[in-house]
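Please model the complete structure; the sequences and the hints are all you need to start from.
Listed in order, the protein sequences are those of chains A and B.
Just so you know, the numbering used here puts the end of the first sequence at 178, numbered straight through with nothing missing.
Just so you know, the numbering used here puts the end of the second sequence at 130, numbered straight through with nothing missing.
These are calculated hints, taken from the structure and not from any lab test.
None of the values given here were measured: they were computed from a predicted structure.
We treat Cβ as the ideally placed atom computed from N, Cα and C, and that holds for glycine.
Take the hints with a grain of salt, since some may be wrong.
Said to hold, decoys possible - So the derived label-pair ranges between C-beta atoms look like this:
(1) Asp123(B) / Phe118(A): 39 to 47 angstroms
(2) Gly148(A) / Gly81(B): 29 to 37 angstroms
(3) Asp123(B) / Gly94(A): 45 to 53 angstroms
(4) Phe50(A) / Asp121(B): 32 to 40 angstroms
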Amino acid sequence: MLAFAAIATVMLIGAIGVVTLRQPVHAALSLVGTLLALAIAYVQLNAGFLAAIQVIVYAGAIMVLFLFVIMLLALDGEAPAPSLTWLRPAAWGAGALALVAVLAVLARDPIGPASPAALLEVFAGSGAEGVADQLFGPMVLSFHLVGVLLLTGIVAAVGLVQRRAGQAAEARARAGRAGADAPDAPPLPGREPVEV
Amino acid sequence: MFEPVPPSYWVALSAALFAAGAVGVLTRRSAILVFLSVELMLNAANLSLVAFANRWADAGAAVAMSGQTVVFVVLAIAAAEVAVGLGILVAIFRDRASTDVDVLSEVRS
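Next up, the structure:
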């Protein structure tokens, strides 16, 4: 129970940090803290394989991608003044309401624990074997669909960059034809927000 | 080994994480911070899947492990989603020099 309290504290502090910190890098790092605490929670819940995957894929690969994009775009803190002033308190109220609703249901119908004998029998290994049995057995269709999804994602990401590169080359060619001193990279005009 | 924690506690923790993520999605204005909050919500759902997989050990290995397998699939989907989403984000930033979601109101009638 002590371990649970420690993990829950770290997770909640991290989650509040993600929601409130103004610098994107700080928010991303507090999300890393939450994800690592989540990996410890997975170990406590007899899911050692998922804990390893969580650290490697989530806290590793995915968060590095986030930090990379934050650095690439040189994003600074967001402006403090929101356009809809009632939105912030309303959002916090909605979140608190949802949390209280779930807690009320859990207080009324607590979920009992599994029997220790079944836990020992089912979760004998790290879980990699059991996950593989399911993934290549009854859930093989979702395995294939995830493969298709990942391929689509790669094609889409490359397509986004490719279109951009084609436009840049076109702009360079135009500038060269005009005889003007061609800029190395086409300027990225920050288009003014359209007044509606 | 660890002393067992009642599954209710894990589900409550997952609900708190999900609520925090939802608040972030609603209040954040920078698109990348909205994205981070979405990741928080995905992980909250994963935590409750793992907690229920642990609780349903009585129903046998197939049932318990299918919960953990869903978490594995969600992780793969999250990876694909992040790759495409951040690509779109970079494209928008190059076009507008801003990722403020309040500014992105082009399709508004």
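Structure-based check of all given hints:
Here the CB-CB span from Asp123(B) to Phe118(A) is close to 46 angstroms, well matched to the stated 39 to 47 angstroms. For the pair Gly148(A) and Gly81(B), the beta carbons lie near 55 angstroms from each other, so the given range of 29 to 37 angstroms is not met. Here the CB-CB span from Asp123(B) to Gly94(A) is close to 46 angstroms, well matched to the stated 45 to 53 angstroms. For the pair Phe50(A) and Asp121(B), the supplied restraint of 32 to 40 angstroms is violated, since their beta-carbon distance comes to about 20 angstroms.
Of the numbered hints stated above, those contradicted by the structure are hints 2, 4, listed in ascending order.
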